[in-house]
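**Q** Here is what each chain is made of, one letter per residue.
There are 2 protein chains.
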Amino acid sequence: MTDQTTPPGLRRRDLLAGFGAVASAGLAAGAAALPAAAVTSWDMSADVLVAGSGAAGASAAIEARRAGADVLLIESLPRFGGSSAISAGVVYAGGGTALQRALGVEDTVEAMFSFISGAGTRHPPLEKIRLYCEQSSAHFDWLVAQGVPYREQLATTMTVPMAGESLYFSGCELAWPARELAQPAPRGHVPVATGMTGGRVLMAALLAQVAALGVTMQAQVAGERLVVGDDGRVLGMQVSVAGERKTIRARRGIVLASGGFIHNREMVRNYAPELYDCPVPWAGAGDQGMGINMGIAAGAAALRMHQGFAIVPLYPPEAVLSGIVVNAFGQRFVAEDTYYGVLGDAIAYHQQGRAWLITDRGSELPALQDDFLRVAQGNTVSDLARQLGFPKGALQDNVAYYNRHAANSEDPLFHKRPAFLRPLQGPPYSAWDLSLAKSFVPAHTFGGLHTGLDGEVFSSFGEVIPGLYAAGRTSAGLPGAPYIASGLSVGDATFFGRRAGRAAAGGAAA
Amino acid sequence: MTDQTTPPGLRRRDLLAGFGAVASAGLAAGAAALPAAAVTSWDMSADVLVAGSGAAGASAAIEARRAGADVLLIESLPRFGGSSAISAGVVYAGGGTALQRALGVEDTVEAMFSFISGAGTRHPPLEKIRLYCEQSSAHFDWLVAQGVPYREQLATTMTVPMAGESLYFSGCELAWPARELAQPAPRGHVPVATGMTGGRVLMAALLAQVAALGVTMQAQVAGERLVVGDDGRVLGMQVSVAGERKTIRARRGIVLASGGFIHNREMVRNYAPELYDCPVPWAGAGDQGMGINMGIAAGAAALRMHQGFAIVPLYPPEAVLSGIVVNAFGQRFVAEDTYYGVLGDAIAYHQQGRAWLITDRGSELPALQDDFLRVAQGNTVSDLARQLGFPKGALQDNVAYYNRHAANSEDPLFHKRPAFLRPLQGPPYSAWDLSLAKSFVPAHTFGGLHTGLDGEVFSSFGEVIPGLYAAGRTSAGLPGAPYIASGLSVGDATFFGRRAGRAAAGGAAA
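Top to bottom, those sequences are chains A and B. For the first sequence, counting from 1, position 212 maps to 212 in our numbering; every step adds exactly one. For the second sequence, counting from 1, position 502 maps to 502 in our numbering; every step adds exactly one.
Note that these hints are calculated values from the structure, not bench results. Honestly, I wouldn't trust all of these hints.
As the list claims (entries may be wrong) - Output of the computed footprint for chain A on chain B, the stretches with three or more beta carbons under 8 Å from beta carbons of chain A:
1) 48-54
2) 388-394
3) 452-465
As the list claims (entries may be wrong) - Per label pair, the in silico range of CB-to-CB distance:
4) A/Gln352 x B/Thr194: 38 to 46 Å
5) B/Trp142 x A/Gln352: 52 to 60 Å
6) B/Ala163 x A/Arg265: 23 to 31 Å
7) B/Ala407 x A/Gly426: 26 to 34 Å
A virtual CB, placed ideally from N, CA and C, is assigned to each residue, including glycine.
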């Protein structure tokens with residue numbers, strides 16, 4: 001079997017608990033979605049079925065239940081929480097949230113909109129971004145109301161705060177060229193947590209609400225196919241429960257919130273080849289693309305399937321940012337002090353996955369770091385260039401140009417901030433391999449089903465598929481390539497998850 | 001209406017002749033594909049229905065008919081021929097074709113495979129490439145047998161031959177880094193034609209065969225929806241004929257060969273944002289994405305939807321290649337003497353759509369060319385840099401590096417061939433804007449339905465959708481980003497179109 005003939009979802013899926021006993025032979029032969037006629041009886045039912053228990057699914061379940069619906073939340077894995085629970089739980093919020101105001105941070109909806117729409121992917125979903133920014137402050141209040149804890153403390157670090165602070169610059173707002181787009185503001189809202197476990201705290205709060213509201217929660221129930229009526233309406237889902245096939249009727253609607261597909265290697269190769277060489281799938285094991293695949297099989301369009309988050313975590317410590325990052329031609333190509341998602345994107349998507357960090361005595365990576373290997377060391381830049389096999393004189397010329405201007409506190413190419421800008425000034429010089437296949441580069445996917453503002457899923461003809469909603473990384477939302485700030489993904493998942501839950505509970509309204 | 005809620009196919013489609021009278025209200029509400037139950041009678045029928053009359057559709061119709069099927073070929077536009085007819089008609093073939101042998105050109109299947117699989121998109125469809133290379137020589141014989149005329153004459157130009165020669169280097173085989181992958185060979189096979197009308201000649205021959213074989217051909221019949229049975233089998237198609245809705249029964253199978261989607265602006269923005277700023281849709285008006293959308297609506301997966309061909313036609317004359325191409329940082333980023341599809345890819349996908357050609361006295365663009373505007377002119381490189389607003393000293397440094405090595409006949413960065421390698425040596429210096437939005441950059445799309453070796457269409461679960469086939473730019477085939485050689489698209493369309501036609505005629509076999 002090869003890339004041409006391998007079922008993109010089945011082989012890996014077969015390895016997962018609960019799927020082994022389910023052969024596709026039992027399906028109506030070849031039907032991408034199950035016709036209603038093939039379902040003789042329903043094993044379970046609910047007004048709203050939510051598939052997936054991460055931030056998107058939990059938010060959808062909460063709002064659907066509050067809108068009066070009988071809600072069933074299923075999760076393919078043994079534990080609830082999805083990829084959100086292993087994330088840092090950052091929510092990108094702004095325009096003057098309660099926390100921003102309490103900390104004296106000035107921000108506007110317009111600045112937030114300019115940043116998100118201008119710094120990231122080309123031709124982004126402007127209407128979603130607009131709504132997200134306008135309602136961001138209210139959405140943060142909602143998170144607080146669900147019991148997510150935040151502390152009125154501003155972090156000064158460039159990474160997720162580790163000392164319990166709840167607000168920080170989580171993206172590339174201060175780096176060039178983003179800082180010319182809009183007044184920068186810290187917008188990364190982090191639950192109070194020990195270390196980087198904010199996602200666990202966030203999900204604990206949301207899942208507690210889900211349970212308290214009386215949502216029925218079932219783990220180890222894995223979606224397989226949507227059941228679709230003759231009129232195109234999505235009526236339910238065929239699932240696998242401990243190896244047994246069951247059907248669930250969703251009277252008002254289904255919310256697909258099953259994450260992305262970074263753990264499905266065939267899908268990554270087919271859809272997002274640039275991410276295929278990233279060695280670390282950064283998501284919960286449930287990110288198998290099943291929600292996306294169920295949607296496509298029912299006629300949904302999927303957008304931006306090639307995009308994703310390739311993280312090259314250069315810092316901390318921030319001292320390394322006084323080094324320079326170069327490509328295989330010895331050229332700089334990005335502001336080193338940008339968000340590591342922007343750096344990762346530049347390497348994965350635009351430098352064929354290859355780059356090196358060049359440091360001097362004062363900017364070396366710490367001895368204990370093991371994310372990136374030192375692949376050359378020498379007393380001169382020429383020593384490095386020779387060891388790396390770089391084109392003759394190229395690295396030397398580029399370092400000379402950089403040093404000449406850095407000595408005047410200038411970086412004409414990428415406008416690195418003064419704090420990190422000084423000439424490379426003394427041996428030993430080192431080169432560290434940042435190439436995707438040779439270093440620690442976590443990745444996940446951003447492509448997903450084409451949805452509207454209420455999570456309604458569009459077919460390839462742009463028509464709403466009745467009864468079907470999607471949120472989080474199962475949908476094509478705010479995150480794009482480059483990924484410009486931590487918190488956009490969980491922010492998008494909670495915000496649009498809520499809207500999808502409400503719309504699904506409203507039934508035919510959407 | 002915005003990007004979130006606009007039907008990607010409908011608005012533009014509505015502008016086309018024959019579609020005006022067809023409102024979607026008449027469809028079964030929301031059904032992405034039509035259930036068989038909704039079709040009370042069939043207006044027409046055939047064993048095999050082929051949608052689209054370009055190279056893929058014509059090749060499919062020929063082979064389906066020869067396999068004994070009753071074939072109906074429909075075309076949405078008034079004339080047959082599709083985008084192939086307005087192309088140069090180049091077919092990329094090798095491994096020792098009759099024409100290569102007659103001209104004393106040495107080539108091997110292995111060299112051709114190494115080039116196609118190694119020089120283009122990451123993680124390409126290896127099994128398709130392998131088969132294509134192995135059977136390339138036989139496929140060329142087939143084209144000759146259909147009456148496509150070739151002349152035993154080798155061209156020395158880098159572009160489609162204009163003097164009736166039929167073989168040339170149509171890609172980046174001779175440019176670095178491709179030339180290190182495999183022994184280069186000319187593989188662009190061009191029908192004998194006046195100027196660049198090889199596509200017309202190719203399609204005239206193929207369509208004459210279609211007609212002679214007794215295929216029923218109907219123009220101005222536009223596909224709208226696939227009709228799908230409860231078991232998932234594709235049974236037929238709903239079409240629009242002069243504003244009237246009709247249904248066509250396909251007893252054995254349907255081949256979707258309706259081209260790509262470069263003329264559908266909403267689809268381009270949603271799926272291939274990097275191509276959205278290319279000002280010239282380079283395809284026939286029928287490339288509206290309808291075949292792809294009909295397939296997706298029936299549960300098919302679509303791959304590589306972001307990829308396409310952005311053409312920056314620097315040459316001829318080849319003398320301009322002694323200039324250098326730089327990005328907004330004054331850096332070179334590609335071998336100037338590469339195929340213009342590789343250059344266009346580098347600009348569109350990796351330089352945010354912006355680049356400039358820098359020339360000296362001996363490498364200026366001709367006075368009469370109007371593809372690219374001269375945006376700066378001066379007596380020194382510094383004059384140019386200042387006029388262009390480039391970062392301080394960057395262009396000057398890069399030109400100095402280039403000149404220093406070019407004086408020794410070396411190009412350490414991109415290994416430009418000696419014929420084009422010399423220092424920039426005298427005023428006036430000029431800069432020409434190659435940026436997508438400001439110059440002549442034709443583009444078309446490469447993304448399409450996920451198909452196997454026989455054109456069978458896969459659902460998102462990797463299962464064959466019975467009765468459905470796709471070929472040409474309606475499928476995800478050999479062309480990727482970067483597009484490495486003229487002829488891969490029409491080559492893929494004819495080769496896999498033939499296979500799809502044969503398989504569809506065989507009915508349940510596939």
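**Q** Each hint should be assessed against the structure and marked as holding or not.
**A** Evaluation of the provided hints:
1. 48-54: Three-residue rule not met by the segment 48-54 of chain B, so violated; n is 0.
2. 388-394: Contact hint for the segment 388-394 of chain B vs chain A: holds, 4 residues under 8 Å.
3. 452-465: holds (count 10)
4. A/Gln352 x B/Thr194: 38 to 46 Å: 40 Å, holds
5. B/Trp142 x A/Gln352: 52 to 60 Å: Violated: the Cβ-Cβ distance is about 36 Å, outside 52 to 60 Å.
6. B/Ala163 x A/Arg265: 23 to 31 Å: Because 50 Å falls outside the window, the suggested range is violated.
7. B/Ala407 x A/Gly426: 26 to 34 Å: Once the Cβ atoms are compared, 33 Å apart, the range 26 to 34 Å for A/Gly426 and B/Ala407 holds.
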